[in-house]
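Number of protein chains: 2
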Amino acid sequence: MSKDDFIVTPWHVEGKIDYDKLIKRFGTEKISNELLQRIEKIAGESHFMLRRGIFFSHRDMKRILDDYEKGNDFFLYTGRGPSGHTHIGHLVPWVFAKWLQDKFKTKMYFQLTDDEKFFSKPNLTLDETKKYAYENALDFIALGFKPENTKIIIDTENIQTLYPIAARVAKKINFSNTKAVFGFSNDTNIGMIFYTSLQSAPCFIENKPVLIPLGVDQDPHFRITRDVAPKIGKPKPALIHNIMIPALQGPGGKMSASEENTTIYTTDDADTVKKKINKYAFSGGQPDVEEHRKKGGNPDIDVSYQYLRIFFEPDDNKLKQIYDDYKSGKMLTGELKLILIEKINEFLKNHQEKREKARDQVKKFLFENS
Amino acid sequence: MSKDDFIVTPWHVEGKIDYDKLIKRFGTEKISNELLQRIEKIAGESHFMLRRGIFFSHRDMKRILDDYEKGNDFFLYTGRGPSGHTHIGHLVPWVFAKWLQDKFKTKMYFQLTDDEKFFSKPNLTLDETKKYAYENALDFIALGFKPENTKIIIDTENIQTLYPIAARVAKKINFSNTKAVFGFSNDTNIGMIFYTSLQSAPCFIENKPVLIPLGVDQDPHFRITRDVAPKIGKPKPALIHNIMIPALQGPGGKMSASEENTTIYTTDDADTVKKKINKYAFSGGQPDVEEHRKKGGNPDIDVSYQYLRIFFEPDDNKLKQIYDDYKSGKMLTGELKLILIEKINEFLKNHQEKREKARDQVKKFLFENS
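So the protein sequences, as listed, match chains P and D.
Here the working numbering is used: position 108 in the first sequence is 1129, and no number is missing along the way.
Here the working numbering is used: position 345 in the second sequence is 1366, and no number is missing along the way.
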C-alpha cells in the first residue's frame, strides 16, 4: 500500500482516509448542501454532526425523504460488533440515530453481532462476545432510547428470527461477491463468509424501507444487501455514513475497542480519561510553548480538537472560538486537552449513571422471537 | 469423467460406484467380518442390512463399541434433506437406526435440513422445504420411533439451538476446506458454504459420543466435523455408511426425491407402484422369454432384485431362492417384479396408515429450543 492509499473494510481500516476518494470508490453520494437543507426543513432543525460533515455520505437518502413527505414511514437500524466495551467513537451513529428517531418518529432496531466478533477475532469466545453484547446494550439504552419504539437484537439470541431472512439473502450471494466486497480469501472461515447475510437480515425485519446511520466502514455489507434486495422483492436499504473516529494516537486508523490505549471507553473513570488524553491524544501543537505561541497549532490534525468537533462540543460558536484560539497559538495543547477532558468526564458521569440504571431496563428492549 | 469413474458428494452422485474404491477415496473402513460378529454379539442378533453389506463401511465404530462395553453410552443421529416427499431409499438408514436404537437403548436425533435444500435447489422456496420437512417427519415417525427417546430437529425451527454450536464449528472451517471436500467454487452461494456447520451441530448437542447411520454420500460433511471436533474439545462422531439406493432406472445414480419417475414415494398408491415398477424398474433379464429361460437373468444388476435385497425381503432364505430362480431362468422378470410390487404395496399400506396417525404425534417428537 502506498503512503497516500488507505483501506476501509468492516474489519480493517488503515491509512489516512480521503473521504472524497472513498465516496468514489464505494459509489456513494456526498451529502450536498441541498440535501442538508432538506433534512433540516423536514426535521425542523439541523444536527451538528450533519453541519460539520461528521455524516458526510449517503445512499438513497433522497428516496427516503421523498417517501416520507408522501406519508410513507421508514424504520431505523444500526448496530455494534461487541468485541469489547463501548468506546466514545461508537456513540456517534447512535446519538445521531436517536436524533433521527425523535425527528422522524420512527421505530429503531439495534443489532449486536456477537457471532460476527466471535468469527472475526481468533481469541474471543462466543460467551465473551455475548457478554460484551449485553454490556454494549447498556450504553445504547443510556442514550435515552425508549423500549416502546426501540428493539435490541442480539444475533445468537434472535437467530430464530434472523436466520430465515438471512437464508433468503444468502442464497443470492456467492463467494465471489464476498471476495470482491470484503477481500475474503480461501482462508476465511465459513462463519465470516456467511455472516454478511445476518447483518442484512434486520433490513427486512419490517415490511417498510429502512434507513441505516452507520460508520462508513460498514458500507460494504449493505452494498451487498442493496444488490440482493430487489432479487428477493424488497426495497433497498438507504444509508447515511459517518466518518471514522480517529484513535487517540491520531488519524490513520479508527478507534479500536480491543486496543486499550487508543480509546476512551464509556466505562473509564475520570482519572483514566485524564491520563489517556494527556498521554496519548495526538497533538497538532508545536514542540514548545514559544514556538506554539508564534506559529500556532493545527486543529485539523489535533485529536482533542477533533473529538470536540465530532462529539463533545455541539455549540458551533464555542467550537469556532477553540479552533481560532488554538490555530493562532493563543490556546496551548494542554489547555485544549483540559477542555476535552472536562467535556468527556462531564458526559461520562451522566452516561455512567444512566448506564447502570439501564441494567434494570435491558429486558424491555430485547427483541422477542415470535 | 471417464466411463469407469464416479462422483459421490452430498449433492451429486454420478456413475457406477466402486465401493471398495470409495472406501479408499474417502478414507473410511470396510465393515469386516470380525466387526459384524462383534455387533451381532452385543446386539444379540444380526441385521440383514449388515449381513448383506447394505451397511458396508464405518468410521470409529470400534471405538463406539469399546466404550459401550465399558458402560459408556452414545447417541444416534441421522437426517434428511427435505427436497420432496420421502422415497423408499430414504428409509434404509432410518430403519437401521431404529434397530440400533432398540438394541443399544440410545437416544436418537433426526435432523430435517430445510435450509440446506433451500440453498441447494434453485427452484425451491424455504416455505416449500419446510413443508416437506414436516411431511418427511411423518415417514420417520411411522417407522415406530418413540417420542420419549427420539427428537426431530428442523433446522429453521431449531436454529436457536443449532446456531451457537454451528458457529463454534464454522470458525474452524475455511473456504478451502469446503472446496476440497465438496468441490465448491466461487459461484457457490454463502448459505451452502456455511451449511455444513449446521449438519455438524447435532453431533455436539449432547455431551456424549455420537454414532451416525447414513448414506455414504453424506460422509464428506462428517469428515469435516471429525477434523473440527478435537479443536473444539469434543469427541469425533462415529459413522456407519449404507450404499446408495439405485434409481428405478438402474445403477449410475441414486434415487432422487425431485425426479418423479426414478423413485417410489412412500405416498405412492398401489397402482402407481405397480406402474412404476413395471415400466421403469431396470431389468437384468433377457430380451425375450426363450432366451431368459435358456441363459437366465442377472440379479446383480436387476433393480427389482436389488430392492428386495436392500429393503423388502429380510428373509435370507427367501431372498436366496429368488436369486437362484432368477439367475437360472426359472423366474421371469415379470414374476420378479410382481414379488417386489406385492412386497412394496404390503409395506406401504401399513406405512401409510402409520404415517397418517403420525400427524397427531409429530408435536411430541419436535425438539424444543431451551
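A couple of the hints might just be wrong.
It does not matter which identical chain is used: a pair holds within one copy or between any two.
Unchecked claim - Capping the alpha-carbon separation at 25 Å, the derived lysine to any residue pairs in SDA-like fashion look like this: (1) Lys-1255 with Pro-1143; (2) Lys-1252 with Ser-1104; (3) Lys-1193 with Asp-1208; (4) Lys-1193 with Gly-1204; (5) Lys-1126 with Asp-1087; (6) Lys-1083 with Pro-1168; (7) Lys-1384 with Gln-1181; (8) Lys-1255 with Tyr-1286; (9) Lys-1385 with Thr-1182; (10) Lys-1126 with Phe-1332; (11) Lys-1255 with Asn-1144.
In short, the hints are calculated from the structure, not lab data.
Go through the copies and call it for Lys-1193 and Gly-1204: within, between, both or neither, with a Cα cutoff of 25 Å.
both (18 Å within a copy, 19 Å between copies)
For the identical chains here, do Lys-1384 and Gln-1181 meet the 25 Å Cα criterion within one copy, between copies, both, or neither?
both (18 Å within a copy, 18 Å between copies)
Pop the pair Lys-1255 and Pro-1143 into one bin, within, between, both or neither, using alpha-carbon distances up to 25 Å.
Between copies only: 19 Å across chains, 35 Å inside a chain, cut-off 25 Å.
Within, between, both or neither, where Lys-1385 and Thr-1182 count as close if Cα-Cα is 25 Å or less:
Result: close both inside a copy and across copies, 18 Å intra and 23 Å inter.
25 Å Cα cut-off: does Lys-1126 pair with Phe-1332 within a copy, between copies, both or neither?
within (23 Å within a copy, 64 Å between copies)
Using 25 Å as the alpha carbon limit, work out where Lys-1083 and Pro-1168 are close: within a copy, between copies, both or neither.
neither (28 Å within a copy, 56 Å between copies)
Within, between, both or neither: how does the pair Lys-1193, Asp-1208 come out at a Cα-Cα threshold of 25 Å?
both (22 Å within a copy, 10 Å between copies)
First find the shortest C-alpha distance between Lys-1252 and Ser-1104 inside one copy, then the shortest across copies, and answer within, between, both or neither for a cut-off of 25 Å.
Between. Shortest inter-copy distance 22 Å satisfies the 25 Å Cα cut-off; intra-copy 33 Å does not.
Check Lys-1255 against Tyr-1286 for me: Cα-Cα at most 25 Å, and say if that holds within a copy, between copies, both or neither.
Cα proximity of Lys-1255 and Tyr-1286: none, with 38 Å in one copy and 37 Å across.
With identical chains, the pair Lys-1255 and Asn-1144 could be close in the same copy or across copies; at 25 Å between alpha carbons, which is it: within, between, both, or neither?
Between copies, since 19 Å is at most 25 Å while 37 Å is not.
Intra- versus inter-subunit Cα pairing at 25 Å for Lys-1126 with Asp-1087:
within (16 Å within a copy, 66 Å between copies)
When each numbered hint is compared with the structure, violations occur for hints 6, 8.
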